[in-house]
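S.K.: Chains as they are written, first to last, in our numbering: chain A, 799 to 935; chain B, 799 to 935; chain C, 799 to 935.
In case anyone wonders, no lab produced these hints; they're calculated from the structure. Here the structure is a predicted model, which means the values were calculated and not measured. Fair warning: there could be bad hints in the mix.
The list treats identical chains as interchangeable, and a pair is accepted whether it falls inside one copy or across any two copies.
[To be verified] Derived DSSO-like pairs: lysine-lysine, alpha-carbon spacing no greater than 27 Å straight-line:
| hint | residue 1 | residue 2 |
| --- | --- | --- |
| 1 | K812 | K822 |
| 2 | K876 | K863 |
| 3 | K800 | K876 |
| 4 | K813 | K800 |
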Amino acid sequence: MKSHTEYFTFHTKKKRELVHLTPKLEDVLSRSGVEEGFMLVSAMHITAGVFVNDNEPGLHEDIWKWLEGIAPFRAEYKHHDTGEDNGDAHLKSLLIHHEVIVPITNGRLDLGTWQRVFYAEFDGQRDKRLIVKVLGE
Amino acid sequence: MKSHTEYFTFHTKKKRELVHLTPKLEDVLSRSGVEEGFMLVSAMHITAGVFVNDNEPGLHEDIWKWLEGIAPFRAEYKHHDTGEDNGDAHLKSLLIHHEVIVPITNGRLDLGTWQRVFYAEFDGQRDKRLIVKVLGE
Amino acid sequence: MKSHTEYFTFHTKKKRELVHLTPKLEDVLSRSGVEEGFMLVSAMHITAGVFVNDNEPGLHEDIWKWLEGIAPFRAEYKHHDTGEDNGDAHLKSLLIHHEVIVPITNGRLDLGTWQRVFYAEFDGQRDKRLIVKVLGE
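Okay, chain A solo, but in the shape it has when bound (with noise of 0.2 Å):
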């Protein structure tokens, strides 16, 4: 069996912001050497998530503001007591989840023909990590 982990860095310039991650998955893939196997991708905070779909600007808008309008920011969240003014980004991380399986065969991201990963940023502009954890043979 193989194990390959490697820790990403992003450091948003907004405060909600997607990033593309497959190319960056893939060069983790090549990496590791595994042939068959699952890739783990998983936000290591509580206010951003990870998350498969379409690579399409369109659609990321309507991802936004639909997420915008079922965990909305909220002046009164109680999480608020604590100092802290991003509620709405620990809902919207629950929401979204903050981690994916990729199936790696044959040496490749065993993904659909229009499936991509994203990284999902809820509350940036600091420094946030991403564990990308390979595991199989």
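Assemble the complex: chain A is given as a structure, and chains B and C must be docked to it using the hints.
M.R.: For chains B and C alone, kept in the frame of chain A given last:
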């Protein structure tokens, strides 16, 4: 370490439909020969999902109604500027998620009494693929 | 390859309750002897969830309020025609998700500084099971 990969293609009659996967997954597990491990069940499309819940038709009606409530069809999605009309299917896929991991113990899917695995089609009536990948020993 | 499986049973006092799992998971990891791998933490019921977020009581209040807002109790769920009254618990489980994968690196749960793992009970006051399965080396 053993790995075993199978692909399924679904072509649903309706645009939105659930497909009960558990019996198919038991067959895959049997063919894999894995006794202890993880089974990844993942849609290969960005307008479909995979989830674990109850095989109860009334609940399924509730799920569809709920999904339409919080990730509704809307003509005005930006994604539709590309010529598509399935923006809601992308959002439903993000909400439900496109994959699950099923534990395998003693050569069996280690699911709870009422847990069943479903493929959720949000934009069907065409060929859509699913990957099932087993890793273990 | 090593695999290690443990089951936990929770019987919460309240119908809806969070159980902080991280210390229990560290104990499981220690018993597994795994240094590099994945830990699956998965509810074995369809009215419970598992998630990663902050161990902050104010945030937990926000999460419960938010969940009740977008997956509320409703007398009229079709699922209730079966005699059940927990339709909302199924929807909350779909939203929060029933499982997470925690990476294991150098014999430790490879979580970010503020990441903690929680079992979310949506229909408690009875025995409910959770599986923790470690795969690695």
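S.K.: Look at each hint and say if it fits the structure.
M.R.: Against the structure, the hints:
{"no.": "1", "hint": "K812 <-> K822", "verdict": "within (21 Å within a copy, 37 Å between copies)"}
{"no.": "2", "hint": "K876 <-> K863", "verdict": "both (23 Å within a copy, 10 Å between copies)"}
{"no.": "3", "hint": "K800 <-> K876", "verdict": "neither (44 Å within a copy, 43 Å between copies)"}
{"no.": "4", "hint": "K813 <-> K800", "verdict": "neither (37 Å within a copy, 41 Å between copies)"}
Hint check: violations occur at hints 3, 4; the rest are consistent with the structure.
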